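Engineer: With the hints as your guide, set chain H onto chain F.
Number of protein chains: 2
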Amino acid sequence: MEQEYASTLLENTVTQLSRLPGIGRKTALRLALHILRQDENMGVDLGQSIINLRKGIRYCESCHNISETDICPICSNPNRDTSVVCVVESVKDVMSFENTGQFSGVYHVLGGVISPMDGIGPDSIEIQSLVDRVKRGGVEEVILALSATMEGETTNFYIYRQLGGLDVKITQLARGVSVGNEIEYTDEITLGRSLLNRTLFSESFNR
Amino acid sequence: MEQEYASTLLENTVTQLSRLPGIGRKTALRLALHILRQDENMGVDLGQSIINLRKGIRYCESCHNISETDICPICSNPNRDTSVVCVVESVKDVMSFENTGQFSGVYHVLGGVISPMDGIGPDSIEIQSLVDRVKRGGVEEVILALSATMEGETTNFYIYRQLGGLDVKITQLARGVSVGNEIEYTDEITLGRSLLNRTLFSESFNR
Chain F
30 MEQEYASTLL ENTVTQLSRL PGIGRKTALR LALHILRQDE NMGVDLGQSI
80 INLRKGIRYC ESCHNISETD ICPICSNPNR DTSVVCVVES VKDVMSFENT
130 GQFSGVYHVL GGVISPMDGI GPDSIEIQSL VDRVKRGGVE EVILALSATM
180 EGETTNFYIY RQLGGLDVKI TQLARGVSVG NEIEYTDEIT LGRSLLNRTL
230 FSESFNR
Chain H
30 MEQEYASTLL ENTVTQLSRL PGIGRKTALR LALHILRQDE NMGVDLGQSI
80 INLRKGIRYC ESCHNISETD ICPICSNPNR DTSVVCVVES VKDVMSFENT
130 GQFSGVYHVL GGVISPMDGI GPDSIEIQSL VDRVKRGGVE EVILALSATM
180 EGETTNFYIY RQLGGLDVKI TQLARGVSVG NEIEYTDEIT LGRSLLNRTL
230 FSESFNR
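Residue numbers (the numbering used here), protein chains in the order written: chain F, 30 to 236; chain H, 30 to 236.
The following block holds chain F by itself, in its conformation from the complex (with noise of 0.2 Å):
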């Protein structure tokens, strides 16, 4: 049912904030009204952070994750190991591995995985930027850091093809039980892989 605004502006924002996932029109509303209750700084600053956003943000020559200069501030550190390269999904990947606090080299983002079903082949993500990457020279290893679906797994094999003649070691995230999780609940191909895989108890002490 079409739902009758008391103002323009108020039913411009509904329209505008149910563009965004997950927010149907009841919740644009809410939201807005919310937003009519708070200090006016509170919705202009929501606002302009908003507009801030979209037009000062750019993608990393290098590495294509989110930056605010072309080379974004994980390529240009000279601490980082440019020699290995971890291929992630996604700019939110890309904080996840970087919250671990365990990875000192860069990244690569593809902006997706290979998804036919949803019209993404090889040449809508990141790839072949990769290769050029790669066959620049620099790179010894190229760490494949997708999720462990199928469309990632399709796309780890593609980039494996890709990269198949040039002299890089290509390594994957081990598979293995989640921390926390209890044996009963994990699946067997999973216990398969982490039971192949097993590592030596005594380097967990190191860790």
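No lab work stands behind these hints, which were simulated from the structure alone. Hints are supplied without guarantee of correctness; some may be wrong.
[Unchecked claim] Calculated from the model, a selection of chain F residues having no Cβ within reach of chain H, i.e. all distances over 10 Å:
no., residue
1, Gly-51
2, Ser-78
3, Gly-85
4, Glu-90
5, Gln-157
6, Gly-167
7, Ala-177
8, Glu-180
9, Gly-181
10, Gly-193
11, Gly-209
12, Ile-212
13, Glu-213
14, Ile-218
15, Ser-223
[To be verified] Straight-line distance between alpha carbons at most 20 Å, and here's what the computed SDA-like set of lysine to any residue pairs gives:
no., chain 1, residue 1, chain 2, residue 2
16, F, Lys-84, H, Ala-57
17, F, Lys-84, H, Glu-69
18, F, Lys-84, H, Thr-37
19, H, Lys-164, H, Pro-151
Quick caveat: nothing in here was measured; it's all calculated off a predicted structure. Glycine residues also receive a C-beta, built at the ideal position from the N, C-alpha and C atoms.
Structural biologist: Positioned in the frame of chain F, the structure of chain H alone reads:
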């Protein structure tokens, strides 16, 4: 855990978005990254619409509904019957009643209901302005259209007492079985009220 954001612009937007109700930092990040993936126009329009909303909206001096002018379009509409005032809790409720297409009177938006648990007393909401409005004359009927909750009933009763000595008819919404509901799942109090206030079956033909 503190997230490492790739950019202060992104972090700022996430912080602002996560001030909205029902949106945590994870959802805010998802929304911000979505905005980045869209056309630049989409983000800029969204931001600008929120700023315009917050700067352009004020409250109607007569009914306290949101408005872009001193007096809202409903109050200034010559076809509306200003002698019938429907008292509602919120701006959203005005929209709900407008959507029924059944009401040609005007509104009075309280901006809440009396709720001592939440620190909302009679002076926190627009009750005195309602009393003043009735005292100025011209109002023949006040329809109490608040929620059928403890707080709503309390507020109804408080308003009823405040308007006690004035020459005005005070009515409230009918209580009864909701349209589409089954008797089996309707509570006893509602069933009791619906029996007491039963209406002529023949009257339902004309609605």
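Engineer: So, for every hint listed, does it hold in this structure?
Structural biologist: Status of the hints after comparison with the structure:
no.: 1; hint: Gly-51; result: violated, 7 Å
no.: 2; hint: Ser-78; result: violated, 5 Å
no.: 3; hint: Gly-85; result: violated, 5 Å
no.: 4; hint: Glu-90; result: holds, 14 Å
no.: 5; hint: Gln-157; result: holds, 20 Å
no.: 6; hint: Gly-167; result: holds, 23 Å
no.: 7; hint: Ala-177; result: holds, 21 Å
no.: 8; hint: Glu-180; result: holds, 18 Å
no.: 9; hint: Gly-181; result: holds, 19 Å
no.: 10; hint: Gly-193; result: holds, 31 Å
no.: 11; hint: Gly-209; result: holds, 15 Å
no.: 12; hint: Ile-212; result: holds, 26 Å
no.: 13; hint: Glu-213; result: holds, 28 Å
no.: 14; hint: Ile-218; result: holds, 28 Å
no.: 15; hint: Ser-223; result: holds, 26 Å
no.: 16; hint: F:Lys-84 with H:Ala-57; result: holds, 18 Å
no.: 17; hint: F:Lys-84 with H:Glu-69; result: holds, 7 Å
no.: 18; hint: F:Lys-84 with H:Thr-37; result: holds, 13 Å
no.: 19; hint: H:Lys-164 with H:Pro-151; result: holds, 18 Å
The structure fails hints 1, 2 and 3 (numbered hints given earlier, in ascending order).
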